[in-house]
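Novice: Spelled out, the chains give:
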Amino acid sequence: MAFDDAYDALTDHEDDARWAYGTGFSDPLAGVAADLPDGVDRADLAAYCLMLGDDALILSHRLQQWVTRAPELEDELALANIGLDLLGQARLLLTRAGVAEDRARDEDELAMRRAPAEFRNVRLAERSDDDFAHLVARLCAFSVWRLELLQRLSGSRDPMLAAIAAKGVKEVTYHRDYAAQWVVRLGDGTELSHQRMVAAVDALTPLLGELFEPHPVESRLAAAGVAVDPGGLRAAFDEVWAYVLTTATLGAAATPVPAPSHEPAAAVSSAPASSAPASSGPGSSAPGSSALVFSSPGSSVFAGGRDGVHGPELGEILDEMQGLARSVSGGAW
Amino acid sequence: MATAADVVAEVVDPELPMLTLAELGIVRDVREDDDGVLVTITPTYSGCPAMETIRADIRVALRRAGFGRAEVRTVLAPAWTTDWISETGRRKLAAAGIAPPGAAPGRVVGPIPLTLGVRAEVACPRCGQPSTEVLAAFGATACRELRRCPACREPFEHVREI
Numbered sequence: 001m002a003f004d005d006a007y008d009a010l011t012d013h014e015d016d017a018r019w020a021y022g023t024g025f026s027d028p029l030a031g032v033a034a035d036l037p038d039g040v041d042r043a044d045l046a047a048y049c050l051m052l053g054d055d056a057l058i059l060s061h062r063l064q065q066w067v068t069r070a071p072e073l074e075d076e077l078a079l080a081n082i083g084l085d086l087l088g089q090a091r092l093l094l095t096r097a098g099v100a101e102d103r104a105r106d107e108d109e110l111a112m113r114r115a116p117a118e119f120r121n122v123r124l125a126e127r128s129d130d131d132f133a134h135l136v137a138r139l140c141a142f143s144v145w146r147l148e149l150l151q152r153l154s155g156s157r158d159p160m161l162a163a164i165a166a167k168g169v170k171e172v173t174y175h176r177d178y179a180a181q182w183v184v185r186l187g188d189g190t191e192l193s194h195q196r197m198v199a200a201v202d203a204l205t206p207l208l209g210e211l212f213e214p215h216p217v218e219s220r221l222a223a224a225g226v227a228v229d230p231g232g233l234r235a236a237f238d239e240v241w242a243y244v245l246t247t248a249t250l251g252a253a254a255t256p257v258p259a260p261s262h263e264p265a266a267a268v269s270s271a272p273a274s275s276a277p278a279s280s281g282p283g284s285s286a287p288g289s290s291a292l293v294f295s296s297p298g299s300s301v302f303a304g305g306r307d308g309v310h311g312p313e314l315g316e317i318l319d320e321m322q323g324l325a326r327s328v329s330g331g332a333w
Numbered sequence: 001m002a003t004a005a006d007v008v009a010e011v012v013d014p015e016l017p018m019l020t021l022a023e024l025g026i027v028r029d030v031r032e033d034d035d036g037v038l039v040t041i042t043p044t045y046s047g048c049p050a051m052e053t054i055r056a057d058i059r060v061a062l063r064r065a066g067f068g069r070a071e072v073r074t075v076l077a078p079a080w081t082t083d084w085i086s087e088t089g090r091r092k093l094a095a096a097g098i099a100p101p102g103a104a105p106g107r108v109v110g111p112i113p114l115t116l117g118v119r120a121e122v123a124c125p126r127c128g129q130p131s132t133e134v135l136a137a138f139g140a141t142a143c144r145e146l147r148r149c150p151a152c153r154e155p156f157e158h159v160r161e162i
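Protein sequence lines correspond, in order, to chains A and B.
Just so we're aligned, residue 1 is where the first sequence starts under this note's numbering, counting upward by one.
Just so we're aligned, residue 1 is where the second sequence starts under this note's numbering, counting upward by one.
Hint data in this document are derived by calculation from the structure and do not stem from the laboratory.
Any given hint might turn out to be false.
[Unchecked claim] Far from chain B by the CB rule (all over 12 Å, computed), these chain A residues:
no., residue
1, SER60
2, ARG113
3, ARG127
4, ASP131
5, THR205
[Stated by the list, open to error] Computed beta-carbon distance windows for the label pairs:
no., chain 1, residue 1, chain 2, residue 2, range
6, A, ASP202, B, ALA151, 43 to 49 Å
7, A, GLY225, B, ARG107, 17 to 23 Å
8, B, ALA151, A, GLN322, 35 to 41 Å
For glycine and all other residues, C-beta sits at the position ideal for the given N, C-alpha and C.
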């Protein structure tokens, strides 16, 4: 492609795929073996790919909604990039789901033509955010959880899931760093930012229980060496989550959490961004904080996202996300 | 006459047009047989929007070079790493004012360290100042972050290690 001649590049229509930004993508798994591992139920594998794919797709859409609304341009770039990574993971997983279910549905069909009750994302992914503190708390918890999940899934007996997961691990590691740095910056920031971060974590906590409740599909596939049992992620999640909250002065002061595999908390003072508030954090004196319960089952709301039970917020997302595709049947760019 | 592998290797990346696909390290395999050319590439990031363009550019380049049917396949495993950017590619990045990546973190067994603070130093590609600061962890594309040099005060991009 000639980069020294922009006009020539623009008018080079030898291949339509060049401008395929929208519906009508070619298969991102093009040429990748589409066979399934032995002894795996097609419907189960399809459902599982939808679960992980919908988590990424729906959160990606929420992140995109923050573009033009984030505190700084740099954060809009970050949120858009994170959303793009998740969208890429979703495309692969939805395509894989389409292959597994064998009903001739591609990624577009699955993303744009399903009703809310057919989406299998966790409720955490769909929630709207009252403010930026709510967003970064949610993104942080999601990323901590998904990183643990993908790291284990990279050993899946399904080579496609293993490959998607291994690639995702690299991406989500950066997502988790970004979100955790913001949680610390706001939690250990000004009195106001601390209060808002406390409120954000409080609002988030009831949604965490669902992340660790195994769905029968997950249990069956985990037993077959294909999926990850989310119940087994809790200890690892709690360790990282508690470390982030404690560093952000959001954790219960009475339960300091050792973090042998992570950086010492002292390293935080030199980061994450140049414009971090100069004032010291309010520590544990802020009202309304303290007794945080890390994802205890007792604090979980009734969820059921994995079975298609969602709040009205998912409907709002799908109205926006699917509107164009539904109004222009078979439309392509 | 150039082989198909030569032709594919010289296609440039649409996001980092100072690099060829070979220098970027995303070409896995190029095979010629009686049916045509089969090219295997790997994406840098799962959501990289340049993949469609790259596939199209490869097909166009092969057609222009006189090769018949060309198919471009994508493989995900093993996942691309910035360690696959060649030495020539790194020099070209630096010459274009983009700091090349350092060594990528290896595959971790056990917990992946969370980075809340200090990260590896990145030198300024313009003046060589060894210590620079992050302006934005995510830049114009998924693979780059934005940094600033405290000595020459110039902002610059850095290809993040993955």
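Novice: Run every hint past the structure and note whether it holds.
Specialist: Hint check:
no.	hint	verdict
1	SER60	violated, 8 Å
2	ARG113	holds, 21 Å
3	ARG127	holds, 22 Å
4	ASP131	holds, 21 Å
5	THR205	holds, 20 Å
6	A:ASP202 <-> B:ALA151: 43 to 49 Å	holds, 44 Å
7	A:GLY225 <-> B:ARG107: 17 to 23 Å	holds, 19 Å
8	B:ALA151 <-> A:GLN322: 35 to 41 Å	violated, 51 Å
Checked against the numbered hints listed earlier, the structure breaks hints 1, 8; every other hint is satisfied.
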